[in-house]
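2 protein chains.
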Amino acid sequence: MRFLDSSTPDFAAGFEAVLATANLSTESVREPVAAILADIRARGDAALCDYTARFDRLDLVPASLRIDAATIDAAIEEVAPALLDALDLAATRIETFHRAQLPADLELDDPAGLRLGMRWTPLDAVGLYVPGGKASYPSSVLMNAIPARVAGVSRVAMCVPSPDGALNPLVLAAARRAGVSEIYRIGGAQAIGALAFGTATIAPVDRIVGPGNAFVAEAKRQVFGHVGIDSVAGPSEVVVVADGGCDPRDVAIDLLAQAEHDEMARAILITDSRELADGVAAAVADELSRLPRTAIAGASWRDHGAIILVPTIMDAAALSDRLAPEHLQIMTADPRAFFGAIRHAGAAFLGRWCPEALGDYIAGPNHVLPTGGTARFASGLSVFDFLKRTTWIESSEAGLTAIGPQAVALARAEGLDAHAESIARRLSANAPRL
Amino acid sequence: MRFLDSSTPDFAAGFEAVLATANLSTESVREPVAAILADIRARGDAALCDYTARFDRLDLVPASLRIDAATIDAAIEEVAPALLDALDLAATRIETFHRAQLPADLELDDPAGLRLGMRWTPLDAVGLYVPGGKASYPSSVLMNAIPARVAGVSRVAMCVPSPDGALNPLVLAAARRAGVSEIYRIGGAQAIGALAFGTATIAPVDRIVGPGNAFVAEAKRQVFGHVGIDSVAGPSEVVVVADGGCDPRDVAIDLLAQAEHDEMARAILITDSRELADGVAAAVADELSRLPRTAIAGASWRDHGAIILVPTIMDAAALSDRLAPEHLQIMTADPRAFFGAIRHAGAAFLGRWCPEALGDYIAGPNHVLPTGGTARFASGLSVFDFLKRTTWIESSEAGLTAIGPQAVALARAEGLDAHAESIARRLSANAPRL
Numbered sequence: 038m039r040f041l042d043s044s045t046p047d048f049a050a051g052f053e054a055v056l057a058t059a060n061l062s063t064e065s066v067r068e069p070v071a072a073i074l075a076d077i078r079a080r081g082d083a084a085l086c087d088y089t090a091r092f093d094r095l096d097l098v099p100a101s102l103r104i105d106a107a108t109i110d111a112a113i114e115e116v117a118p119a120l121l122d123a124l125d126l127a128a129t130r131i132e133t134f135h136r137a138q139l140p141a142d143l144e145l146d147d148p149a150g151l152r153l154g155m156r157w158t159p160l161d162a163v164g165l166y167v168p169g170g171k172a173s174y175p176s177s178v179l180m181n182a183i184p185a186r187v188a189g190v191s192r193v194a195m196c197v198p199s200p201d202g203a204l205n206p207l208v209l210a211a212a213r214r215a216g217v218s219e220i221y222r223i224g225g226a227q228a229i230g231a232l233a234f235g236t237a238t239i240a241p242v243d244r245i246v247g248p249g250n251a252f253v254a255e256a257k258r259q260v261f262g263h264v265g266i267d268s269v270a271g272p273s274e275v276v277v278v279a280d281g282g283c284d285p286r287d288v289a290i291d292l293l294a295q296a297e298h299d300e301m302a303r304a305i306l307i308t309d310s311r312e313l314a315d316g317v318a319a320a321v322a323d324e325l326s327r328l329p330r331t332a333i334a335g336a337s338w339r340d341h342g343a344i345i346l347v348p349t350i351m352d353a354a355a356l357s358d359r360l361a362p363e364h365l366q367i368m369t370a371d372p373r374a375f376f377g378a379i380r381h382a383g384a385a386f387l388g389r390w391c392p393e394a395l396g397d398y399i400a401g402p403n404h405v406l407p408t409g410g411t412a413r414f415a416s417g418l419s420v421f422d423f424l425k426r427t428t429w430i431e432s433s434e435a436g437l438t439a440i441g442p443q444a445v446a447l448a449r450a451e452g453l454d455a456h457a458e459s460i461a462r463r464l465s466a467n468a469p470r471l
Numbered sequence: 038m039r040f041l042d043s044s045t046p047d048f049a050a051g052f053e054a055v056l057a058t059a060n061l062s063t064e065s066v067r068e069p070v071a072a073i074l075a076d077i078r079a080r081g082d083a084a085l086c087d088y089t090a091r092f093d094r095l096d097l098v099p100a101s102l103r104i105d106a107a108t109i110d111a112a113i114e115e116v117a118p119a120l121l122d123a124l125d126l127a128a129t130r131i132e133t134f135h136r137a138q139l140p141a142d143l144e145l146d147d148p149a150g151l152r153l154g155m156r157w158t159p160l161d162a163v164g165l166y167v168p169g170g171k172a173s174y175p176s177s178v179l180m181n182a183i184p185a186r187v188a189g190v191s192r193v194a195m196c197v198p199s200p201d202g203a204l205n206p207l208v209l210a211a212a213r214r215a216g217v218s219e220i221y222r223i224g225g226a227q228a229i230g231a232l233a234f235g236t237a238t239i240a241p242v243d244r245i246v247g248p249g250n251a252f253v254a255e256a257k258r259q260v261f262g263h264v265g266i267d268s269v270a271g272p273s274e275v276v277v278v279a280d281g282g283c284d285p286r287d288v289a290i291d292l293l294a295q296a297e298h299d300e301m302a303r304a305i306l307i308t309d310s311r312e313l314a315d316g317v318a319a320a321v322a323d324e325l326s327r328l329p330r331t332a333i334a335g336a337s338w339r340d341h342g343a344i345i346l347v348p349t350i351m352d353a354a355a356l357s358d359r360l361a362p363e364h365l366q367i368m369t370a371d372p373r374a375f376f377g378a379i380r381h382a383g384a385a386f387l388g389r390w391c392p393e394a395l396g397d398y399i400a401g402p403n404h405v406l407p408t409g410g411t412a413r414f415a416s417g418l419s420v421f422d423f424l425k426r427t428t429w430i431e432s433s434e435a436g437l438t439a440i441g442p443q444a445v446a447l448a449r450a451e452g453l454d455a456h457a458e459s460i461a462r463r464l465s466a467n468a469p470r471l
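Those sequence lines, one after another, are chains A and B. When the letters of the first sequence are read in order and numbered with our numbering, they come out as residues 38 to 471. When the letters of the second sequence are read in order and numbered with our numbering, they come out as residues 38 to 471.
Keep in mind that the hints were calculated from the coordinates and are not lab data. A hint or two may mislead.
For lysine to any residue, the following SDA-like pairs were computed, each having C-alpha atoms within a straight-line distance of at most 20 angstroms [unchecked claim]:
1) B/Lys-171 - A/Ala-450
2) B/Lys-171 - B/Arg-380
3) B/Lys-171 - A/Lys-171
4) B/Lys-171 - B/Ala-107
5) A/Lys-171 - A/Asp-299
6) B/Lys-171 - B/Ala-251
7) B/Lys-171 - B/Ala-320
8) B/Lys-171 - A/Arg-449
9) B/Lys-171 - B/Ile-113
10) A/Lys-171 - B/Phe-92
11) A/Lys-171 - A/Pro-200
12) A/Lys-171 - A/Ile-113
Which residues of chain A face chain B? A partial, calculated answer using Cβ under 7 angstroms [said to hold, decoys possible]:
13) Phe-134
14) Ala-394
15) Glu-451
We put the beta carbon where it would ideally sit given N, CA and C, even for glycine.
Make the full structure from the sequences, and use the hints.
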């Protein structure tokens, strides 16, 4: 863990080191991923079954690629009712929040006599990638699939690898609750290829979302343009801004909730209280000794954790903006005032009663958020990721007459005469042609 | 030009050929672009000046990278006042339309006692790439820079190469009118590198937009993730849906306005009138003989043009949706009804008095639009490209008590104990700790 005091001369250099983020490179798997994608494109289902046998030790035929309803039913039977209830509350709240995001169409009357507008329509089909094994999170299924369904996407096709045949029942329960249309027991670059290009069994989609390993991330990069993709997520991160009124044990466990994700996760405390800083450092060490994921959380905190001391709590705002964190917890006396001074953050959690985990699971806003400082220009997942806009212009002869001549002048200045002519000749039907 | 009749048995195969779009690969310039970007990152302004001397035959020092106000003033003096007026009308209308796009923040009261919200904020800084030479279009400067300024971006830095020192005065006039903050006389991958990573003279930006050649496109791909980029545009395309009531000469010139962009551009007519189909084919040949850009437009029409005959005009909607065209002109008796049946298009032009060129220059909606069928999942440039969202959650003790236990259950099921604990211990301060 790095301890920095913003009033010391070496602070700038230390803060630069905190800012430096790992550049996620998938360069090393570029060639094998390209080969897999080409093979899926050429051989379809047969290639899909071959790779699944090789990587997941699972023998499939095209008819067994898709997980049938009875298997899903049986899996859901295994889940404790209280857990299904929790999943349902989360899903309902996520639906409510994302429904409130839905934008309205635009239609403008124009003084020149035209009508102008913008219409939102959903994508036809979306692919959702869900990792297998330990990183197979039901909450991520809800967070990725529900915004698509709320946006009006009629077909959501999910791929989840099933190494040695193992499936996570709660993931299947989440998929059904979220309205996923189809679930396939495939993973890796081959699953991304199938979603992007389609096979005899799996129809192609228009956009692919969801996290994955380096092969999945590189495959998404390579199919981008052919279909849409979401951004490639880096390690998760939190900035906790806390003043002297906080319980250091609360702050410590919130930092560790971030650190337990993986060794590359970053948890950063910014405070104006030396006492809190010291108390949190001690509490983290204490909590770490008891956490089940102590090896992961400990490595994250040791290598990427930081505590930054600032003169006043409002000084934390500019530092936080330079980090542009994925998650920003604001545990101060007036969290709204602090949030008002923030320009860049994926998601903010206001108050001492609002640990980030509340947003990870149940509050309603999305937990798929921009990492690694990309909150400077990127946003969390939302209904906007599953909608597209068509602008439109409607003109009468009067409208064209009002603004057409200036368009003709600009087109001629750009040397695009057919552009100019397409307007000019409509303006005066009897005028000399080109 | 390909002629297809949807009632014939070979139509499906012919339409597949129309659907097949050139895959824009920048693979061949991957290595040289990577080398240029690394050099800009290492040597900054010095590298920038070296590449500009080599590629643009222009000797610069860091102080002359930026085009000064006096040079811009002098250039604008050269522009005809009528052209400046046309530029101003276009800019005003583009501003009005994009201002209407601005979204509202969201704040939700929650039955569980939390408050949830979503806040839109502008990016801090945007880079705008403008090609030099013949593809240096003032209209594109307006279309890229104005949405950024309307969104609230305070710094818009523009790069335009100046081969042998040549600059387009109308491009500089457009940049000033659009509120561009800084203009640099640099281009190519080196300009993208400077915008993404910054140099001593050019501060880095958060997102880069604007068209360019293969080097520029590949450089944007490579800096993506470090900064945001817009999508890589393919050849421009139009689908014109026209019924028997149209003048074939109007339709012909509209198709050629697309074809004159470049040899790879695609212009496609879909009609229910055999007479119109024949008339347009003849009129295109006739117009081509007189167009200044006849070589380009002729090659485009010959290699990528198509006329498709359908039984009824409403049958054109499904075919158009499969093409998901960048531009869709609807020249039918009831264009609104037809538009209502359309799901995928970048921009639509309704009525016989609404040639696409009106939207290219002056109507108000953006002319930077998704190409190559990507309108299935992508949208035209808008204020949304220059804004990002921060979602937020505010919770009290009561709010956490209402929904916290279900989050704890889900976190435990995912094996993330610190997540669970960060909520659980706040719920019962005196409960046993981990």
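Status of the hints after comparison with the structure:
1. B/Lys-171 - A/Ala-450: holds (11 angstroms)
2. B/Lys-171 - B/Arg-380: Violated: B/Lys-171 and B/Arg-380 sit about 35 angstroms apart, past 20 angstroms.
3. B/Lys-171 - A/Lys-171: violated (55 angstroms)
4. B/Lys-171 - B/Ala-107: Measuring from Cα to Cα gives roughly 24 angstroms; hence the hint is violated.
5. A/Lys-171 - A/Asp-299: With Cα atoms ~12 angstroms apart, A/Lys-171 and A/Asp-299 stay inside 20 angstroms; holds.
6. B/Lys-171 - B/Ala-251: Answer holds: B/Lys-171 to B/Ala-251 is near 16 angstroms, not above 20 angstroms.
7. B/Lys-171 - B/Ala-320: violated (28 angstroms)
8. B/Lys-171 - A/Arg-449: OK: B/Lys-171 and A/Arg-449 at ~13 angstroms, within 20 angstroms.
9. B/Lys-171 - B/Ile-113: Measuring from Cα to Cα gives roughly 18 angstroms; hence the hint holds.
10. A/Lys-171 - B/Phe-92: violated (52 angstroms)
11. A/Lys-171 - A/Pro-200: Between A/Lys-171 and A/Pro-200 the Cα gap is close to 11 angstroms, so the pair holds against 20 angstroms.
12. A/Lys-171 - A/Ile-113: The hint holds at about 18 angstroms.
13. Phe-134: A/Phe-134 check passes; min Cβ-Cβ to chain B is 6 angstroms, inside 7 angstroms.
14. Ala-394: At 4 angstroms from the nearest chain B Cβ, A/Ala-394 passes the 7 angstroms test, so the hint holds.
15. Glu-451: holds (5 angstroms)
Of the numbered hints given earlier, the model fails hints 2, 3, 4, 7, 10; all others are met.
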